[in-house]
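Novice: Next come the chains, spelled out residue by residue.
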Amino acid sequence: MRRQMARVSRRGLLKSAAGIGAAAALGAPMFVPGRVLGKDGAVPTGERITLGAIGIGNRGSYVLRCFLEENDVQCLAVCDVNGQHRDRAKAAVDARYGNQDCATYRDLREMLARSDLDAVIVATGPNWNGTAACQAARAGKDIYCEKPCTKNIAQSLMLAEVMRRTGRVFQAGTQRRSLPHFIYAVELARTGKLGKLQTLHAQPAGLATKTSGWEKPDPEPAKEDFDWDIYLGPAAWRPFNKGLTNAFEFEKGGGLVGGGCLEWGSHCVDLCQWANDADGTAPIEYEPVGNQLHATYANGVKLVLRDDGWLPLGSCPVRFEGDRGWVETADDGDVAASPAKLLSGRRQKIGGYPANFHVRNFLDCVKTRAQPRANADAACWAHIACHAANISLFLKRKVRFDPAKHEFINDDEANRLRSEALREPWRW
Amino acid sequence: MFRRTSPFVMALLIGSAMRAAAADAPAAAPPQRQEELIKVLQSDAPKPQKALACKYLAIYGGKEAVPALAALLSDQELAAWARIGLEAIPDSSVDDALRDAMDKLQGRLLVGVINSISVRRDAKAIDGLAAKLTDKDETVSSCAAAALGHIGGDRAAQVLEPQLTAAAPAVRAAAAEGCVLCAERYLNEGNDARAIALYDAVRKAQVPRQRVLEGIRGAILARHSAGIPLLVEQLKSSDKAIMGIGLRTARELRGDDVTDALIAELGRADAERQALLILALADRNDPPRVRPVVLEAARSGAPGVRVAAAGVLDRLGDVSCVPVLVEAAASDDADLVQAAKTSLARLPGKDVDASLLARLNDSSGKARQVLIELAEQRKLDQAMPIFLKSAEDADAGARNAALTAIGAIGDDKQVPDLVKLLPQAKDANDRRAIEQAVASIGGRWGAACVPHLVPLAKGEGGVSADTRIAAIHALVPCGGPDALASVVAATSDADPAVQDEAVRTLSTWPNRWPTDAAAAQPLLALARSAQKPAHRVLAVRGYLQYVQGDKKLSPQQRLADVDAILPQITRPDEKRLVIATLFGMASAGALDRLTTLASADPAVTEEACSAIVRLAGRNNIGASNELRRKALQTVVEKSKSEATRNKAQEILKGIR
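Read top to bottom, the protein sequences are chains A and B.
Quick note: the first sequence uses my numbering, first residue 4, plus one each step.
Quick note: the second sequence uses my numbering, first residue 512, plus one each step.
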C-alpha cells in the first residue's frame, strides 16, 4: 500500500531545524525550548505518525503516554506477552482517542507484519530490546527503543549496522540527551569551557555483574495471560519462574556478564561519551579499582564509574572535569560548576527526567529522516563502553579494547564474552 | 556519510576470536576447568547445571568441548545453551558439528543451528544452506537465505539472486535480505558493479517494501556520483517511504556534485520539499557550498522554508548571515523568530559577536529587546553596560530583557547596580524582575553578593517594606551565615510585613546543597518564642524539614533534635510531620517516641500506630524486644483499625 507523503508542519520544521542546529556546537542535535510539534493544532488522522507499542509494562506505559500526548501521533496497536499489560494499554489508547480501535498482540511478529505502522516503541526490557528493534527495522518501522538497548558488544554493533542498512530512524531511550541541564553540562565540556577535558564521572547504580540462570519451575500460566515462550525470546530456554517475569531485570546484559553498570551506565556513560565527543568510539582500557571502574579513552580522557561521592543533585549524576573547571549535574535539574562563571546564562531548569522532549525529537526525525539525538551509532558505542566495563568487572582485571577492530587486545577470554547465541528461532 | 567499512559484526567478532585463539591457544582454554565442565555435560547432572556449564564453556571451551556441546543440539531445552558455548569456541570443529546437525535436525532446532552457522559465516555450509532454501518449513528456508547473505561471496549470491523471483513470498523477502547483505559485502570489497547488480535486482523485485527501500539506498550509494539521478528520482516521489529513503540517502552519498544536484533540486521543489531538502543539505556538512542557497531561503523563501533555513544557519552560516537572521528574529512570525534566535545564539565567531554588539548599540524598540536576549544567550560580557542602561529603559520589554540578561550573565559586581534599582522599581513586576536578577547572580556567586543586600534588608536609607522583602528573598540563593543572620534579624523586625516574610523565608531556608544547617537553631527559637501562632507553625515545619533533610546528623543528634521540638508542637498537622520524621529515622528511640505520640493525642493515634507496626516488624532498628512489645501493645490498645491491630498482634506473636 502506497501512502502519500506526510505533511510536515512549520512547527515541526522549526523544531527539527533548531534541534539539529545545535549540532554546530555539539555534533549532535540539541534541546531547544519551545512549543511542541503539533501540540497547538489538530493534525488530520491521515497525516499522523502511526504507532505501535511493544512491551508496555511500567516503563513502556510511561513512554506510550508521552507519545499519546503528541497530536501528530496515532497509536494503532499495542503488544505485550502479559495480558494485563495489553488490556491496560489498550484502555489507555482507546481513552485517548475515544474509540475502541487499538489492536492488541501477544506476538510482536504479528504486529510488525502490519503495513500501516510507521513507528514502534520498543520497551520490552533488556532481554528483548535489541532483537525487537532489529526485527522492527527489518519490518520497515522506525524505532524508539528503551535502554539498555543491547545485551552485548556484538548486538550493539549489529543494531547500528541494521539501522544503517535499513535506513530506519532509531532513538535510544536515553532521554537525558534531550534535557537542558545535561545538555548544558555536555556543552561546557565540548566547547572547551572546562579547558582540556581530563576526567568524566558517571554513576553506574551498581557494579556487580550477574549471570542469568535457570530457576525452579513454577506452574506456567496460559499463553493468553503470559506467553513465556515469547517472553524468553532470544534468551536460552528455562522453565517458567514467576521471579523471572520482571522484564526490567530479566537477562539485563544477558550472558555471563549482565547487570553491572548497564542500569545507569546506559544513561550516564552515554552522556560522558557525548561530552567527550566520542559517539563513534569507546574507551580503550577498563580496570576495576576498589569499588569503582576506571576506563581511559584513546585521547587520554579518563572515565570513572562510581556510586559514591556525588553532590546531592539527584539520580543519574555525571561530572565532567577539565583543567580549567568542572561541572556536575543530575536529575534534579540543578547544575553545579566551578568557576561559578560557567553557570552564567543558564536559565532553564527541568527536573525529573521526562521523556517528552526525547520523544518529540524522535517524531521530528521520523518526518525529516534526520538522525535523532540518541541515534543507533551513539547508542551502539555507549553500550559497548558499558559492556566492556562489565567484562572487566566480570573478569576482575584490566582489559584493553580496540574500537576500530571491535575486539579486546590479545584477550581471548574477553573476546569470547562479546556475543551470545540467540535462542531459536530468533536472529539478528 | 556512507561507510565503506561496514563491520559485518558477527563475522568479524568470531573471526577475530579465532585469530586470537590461534595466537594464544594455550591460555585460551584452561584444561582443568574445561574438563570439569565437559564432565557436567556428560553426567546425569540436572539441566540447570548443564545450562550453566554450556555458558562457561563459551569462555573456557576448546575443541575438546565440542562433541559434548553438539550432543545437546537436539535437546529442546538445552540446545540454545549449547549453541551459546559452540558459537564462541574458535575452532573449526564447531563448524563441522553444526553442519552435521543441520543435516539431522528439523524445525526450530534446525533454525537455531542455521543461525549459528550464519553467525560463524561458515562458507563450507553454503551448499547445505542452499538445499534448505526449498525446505517446506518457511522459517527454515528464510533463515537459510539470511544465513547465505551473512556468509556472502559469489557462491552465496549466485544461490540467492534467483530466489528473488523463484521462491515463495516469505522466502523471497529473506532472499532479498540476503542479497542486500551480499551486495554490501561486495561494496565493502570495492566490487561496485556486482553490488549494483544485486541492489538493482532487489529494488526491482516483488519483495516487501522495506527490502525495496534497502535496495534503492544501496543502488544509489554503490553508484557514487552516477547515483545522483536515481537519488533525485526518489526525492521527487510522492510516496512517503520512497521520499524518506531519498532524504536519508541524500545525507549519506558523498561528493560536491551530489550537493550541487540537491541544491538544483531545491530550486525545482515545492515549499514542503524545499524545507526537507534544506534539512538534508544542512546535514551534509558542506557550509561553503550550501550557505548561499540556505541564506537566500531564509531571506525570501516561503514561510515554512524560511523557518527551516533560519534554523540551520547556525551550522552553515557566518557573519554574513547576521542581518537576515536579525530581521527574522524581530519578525511577527513566532516560529521564524524562534528559529532565527536559536541560530543567532549559536552562530560561531567573534565577528558575529561584534556585529550583534554594534547593532545593539544602535537599536531601539523590539529590535533592542531581541538583541539584548541574543547578547545574553551568547554571554557577551561587553554588553553589560548596555544591559544596565536598558534596565532603566522606558520600554518594558527592553527593560525586562535587560534585567533577565544581567541576572543570567552578571556577577557580584552588578549587584550594587541592581540594588540601586530596587527602590526605584516602577511596579511589582519590575521589582520581581530585579529581585530575580539578583537571585540569579546570588545563586552563582553566593556570599559575595550578600553585603550589597544586607543594608536593604535592614531598611537602611528608609526603603519601603516591599524593597526590604525583595532583598530578603534575594538573600536566599546567596546563602551563607551573613545572609542567614540578616534574615534571622528580620524575623523580629518591627514592620509586620517584613517580619512575616522573614519567617516564611527562614522556614524554607535551603537545607540541602548548598548546605546551611545553621537555620535550625533560629527556627527552634522561633518555634519556642514567636508571638504569632502562624510563625510558630512555620518555624516548626521548617525545623522538621531540617531534621529530615540534614544528612550530616547522627541518629542520636537527630533524635535529640526531635525531642527539642516536641514540646512546641500542639497541632495534629505538625505532629503528623513528626511521625513521618520519626518513621524515616527507623531507630529504637524513634519507636519509643512514636509510642508516646500514639497514646498522647487521639488525633494522630492511627498514624502513629501505623508507623509503629511498620517499624516494630523490622529487626534492624536496634530496638529491644521489650520496647517492641510495649509499642505493639500500645497499638493493640489504642488503634481503632482492626487491620493495624491484627498486624500488631501478629508481630507480637513472633517476638520471643
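FYI, nobody ran anything at the bench for these hints, they're computed from the structure.
One should not assume that every hint holds.
[Claimed, not checked] Below are the DSS-like pairs computed for lysine-lysine, each with C-alpha atoms no more than 25 Å apart in a straight line:
hint, chain 1, residue 1, chain 2, residue 2
1, B, Lys1063, A, Lys344
2, B, Lys1149, B, Lys1086
3, A, Lys196, B, Lys890
4, B, Lys558, A, Lys344
5, B, Lys1086, B, Lys1062
6, B, Lys861, B, Lys931
7, A, Lys399, B, Lys566
8, B, Lys1151, A, Lys344
9, B, Lys615, A, Lys245
10, B, Lys715, A, Lys196
11, A, Lys219, A, Lys245
12, B, Lys1062, B, Lys1043
13, B, Lys877, A, Lys344
14, A, Lys399, A, Lys305
15, B, Lys615, B, Lys635
16, B, Lys969, B, Lys890
17, A, Lys352, B, Lys890
18, A, Lys199, A, Lys344
19, B, Lys861, A, Lys226
Novice: State for each hint whether it applies.
Specialist: Status of each hint after checking the structure:
no.	hint	verdict
1	Lys1063(B) x Lys344(A)	violated (29 Å)
2	Lys1149(B) x Lys1086(B)	holds (17 Å)
3	Lys196(A) x Lys890(B)	holds (12 Å)
4	Lys558(B) x Lys344(A)	violated (62 Å)
5	Lys1086(B) x Lys1062(B)	holds (22 Å)
6	Lys861(B) x Lys931(B)	violated (33 Å)
7	Lys399(A) x Lys566(B)	holds (18 Å)
8	Lys1151(B) x Lys344(A)	violated (59 Å)
9	Lys615(B) x Lys245(A)	violated (35 Å)
10	Lys715(B) x Lys196(A)	violated (53 Å)
11	Lys219(A) x Lys245(A)	holds (10 Å)
12	Lys1062(B) x Lys1043(B)	violated (31 Å)
13	Lys877(B) x Lys344(A)	violated (29 Å)
14	Lys399(A) x Lys305(A)	holds (19 Å)
15	Lys615(B) x Lys635(B)	holds (17 Å)
16	Lys969(B) x Lys890(B)	violated (33 Å)
17	Lys352(A) x Lys890(B)	holds (18 Å)
18	Lys199(A) x Lys344(A)	holds (17 Å)
19	Lys861(B) x Lys226(A)	violated (65 Å)
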